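Make a model of the complete structure from these sequences and hints.
Number of protein chains: 2
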Amino acid sequence: MKVRRSERLVDMTQYLLEHPHTLIPLPFFAKRYNSAKSSISEDLGIIKRTFSLRNRGILETIPGAAGGVRFIPEISETQARVIVNELCERLSEKNRLLPGGYVYLSDLLGEPELLRKVGQIIAAKYKDQKIDAVMTVATKGVPIAQAVSYQLNVPFVIVRRDSKITEGSTVSVNYVSGSSQRIEKMELSKRSLKKGSRVLVVDDFMKGGGTVNGMKGLIEEFEAELVGITVFAESNFSGCRVIDEYHSLLCVEEVDVQTKTISVIPGTYFNK
Amino acid sequence: MKVRRSERLVDMTQYLLEHPHTLIPLPFFAKRYNSAKSSISEDLGIIKRTFSLRNRGILETIPGAAGGVRFIPEISETQARVIVNELCERLSEKNRLLPGGYVYLSDLLGEPELLRKVGQIIAAKYKDQKIDAVMTVATKGVPIAQAVSYQLNVPFVIVRRDSKITEGSTVSVNYVSGSSQRIEKMELSKRSLKKGSRVLVVDDFMKGGGTVNGMKGLIEEFEAELVGITVFAESNFSGCRVIDEYHSLLCVEEVDVQTKTISVIPGTYFNK
Chain A
1 MKVRRSERLV DMTQYLLEHP HTLIPLPFFA KRYNSAKSSI SEDLGIIKRT FSLRNRGILE
61 TIPGAAGGVR FIPEISETQA RVIVNELCER LSEKNRLLPG GYVYLSDLLG EPELLRKVGQ
121 IIAAKYKDQK IDAVMTVATK GVPIAQAVSY QLNVPFVIVR RDSKITEGST VSVNYVSGSS
181 QRIEKMELSK RSLKKGSRVL VVDDFMKGGG TVNGMKGLIE EFEAELVGIT VFAESNFSGC
241 RVIDEYHSLL CVEEVDVQTK TISVIPGTYF NK
Chain B
1 MKVRRSERLV DMTQYLLEHP HTLIPLPFFA KRYNSAKSSI SEDLGIIKRT FSLRNRGILE
61 TIPGAAGGVR FIPEISETQA RVIVNELCER LSEKNRLLPG GYVYLSDLLG EPELLRKVGQ
121 IIAAKYKDQK IDAVMTVATK GVPIAQAVSY QLNVPFVIVR RDSKITEGST VSVNYVSGSS
181 QRIEKMELSK RSLKKGSRVL VVDDFMKGGG TVNGMKGLIE EFEAELVGIT VFAESNFSGC
241 RVIDEYHSLL CVEEVDVQTK TISVIPGTYF NK
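Each protein sequence line maps, in turn, to chains A and B. Numbering follows UniProt numbering, in which position 212 of the first sequence is assigned residue number 212; successive positions increment by one, without gaps. Numbering follows UniProt numbering, in which position 201 of the second sequence is assigned residue number 201; successive positions increment by one, without gaps.
No lab work stands behind these hints, which were simulated from the structure alone. Among the hints, a few may not be true.
[To be verified] Facing chain B, according to a computed beta carbon distance under 7 Å, are these residues of chain A, among others:
(1) I46
(2) L97
(3) G101
(4) Y102
Given the structure is predicted, the values throughout are model-derived calculations rather than measurements. For every residue, glycine included, the Cβ atom is placed at its ideal position computed from N, Cα and C.
What follows is the structure in structure tokens.
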């Protein structure tokens, strides 16, 4: 039975949103709805226009026999700025200040709506690049990695500081923790990353950049390639940072333990 | 400017999918599209029918002044069975067998499409219950918790075995690891769970049930309430399990280190 346009639009929208960055051949939809390819093309035109009007993403059409349609999630700079400004306010809340000048983030990194938006913002930065995997370090980086992975539709891998028997053989590197200058160790399951993979590194917080630098080392050990680095928040570190090319959504500029004030501004994400 | 039906359908579908389990008043959509409430009602009827036909979920309409529409993600038993059967096959792959009879899962727990489906399957079990938070233990439970949290649209909290300075004050419990009979400790940031919260516990793997039992203890310490327990996989443990009420998607029935065979069947999820 033929499916009506209105129903096709609802189902196709859902299908496209759940399969971002994936080439879907037109015959797939034609068969799914028992409809002519010309009708499917018209539907896709409507969806394309709506996504574009609402700044939700690009619907790329690839012509030819091997062609099809591909949904690339996007977010406008204006929308991203609104979200980042809201996050600045939330991060500046007095009660987030922990002993030692640390900032409490765990509640934010457990909110699904916030994570979805953060995933959209970070993924948008890399939408035109080929990425095979998202890498992060346990534990607090995981929600960020998963959120980005959902948008780019590529797997994420978790680097650990403690080896577990359930990871099988691992490859490990030593790295210097940028802020404390201690030597630490991190490892990744050997089978989790293929040689030549193009890797995006994400993390929740960057101080001296030691952890991110460790991940760079691991990527080299795996003979993989680093595509970029984006962290949820960075702190305005006075010393020498071991990482120079990265993006951050937020920047904790100053923490005053006396007056319990945290000053947070947008990070380097919007820099041209 | 008025927005046409076709465009409304695309945008509403997207909006509803990104806001599951959330009551959205009709005037919100009427304003968003500059359209009459009667048109919006008709749109919602189309979306409701399509979601229902495709077994994608229920669109609940609540009449009256305080009413609106709420999308409740679902998955049919048939669809869930197909996914679980596929997972049984993947889990039985010979090269997953690790020394000590452990099964390698980390790759599966990093695949966005699989996680999305696992989230849908687990969330569907609790769709009629009030849930305030999803709880899991670091590290491998996190992807499951986040996937479920996306579907239920409630936050997730991460219990840790190692205390971190970035968690602030914590509440800790001791628990007996079911399989090794050792006493271990786990803790949760004090501010992460409110008194009286209704909590769903999820984890990647359950052997003796000690870890899950530890989380039950923590829930009591927080004066919160346990709604249910679902694990991605359980192993057919021969000893006495310390947990009796739970669901599992998969059950590792037998592991033969000699012949390198892993036998996996669907878990208790489908039991009536």
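For each hint, the structure was consulted:
Hint on I46/A holds. Least Cβ distance to chain B is approximately 5 Å, under the 7 Å limit. Because the smallest distance between the Cβ of L97/A and any Cβ of chain B comes to about 9 Å, over 7 Å, the interface hint for this residue is violated. Given hint, G101/A at the interface with chain B, is violated; its Cβ is 10 Å from that chain's nearest Cβ, farther than 7 Å. For Y102/A, the suggested interface contact is upheld, since its CB lies about 5 Å from the closest CB of chain B, less than 7 Å.
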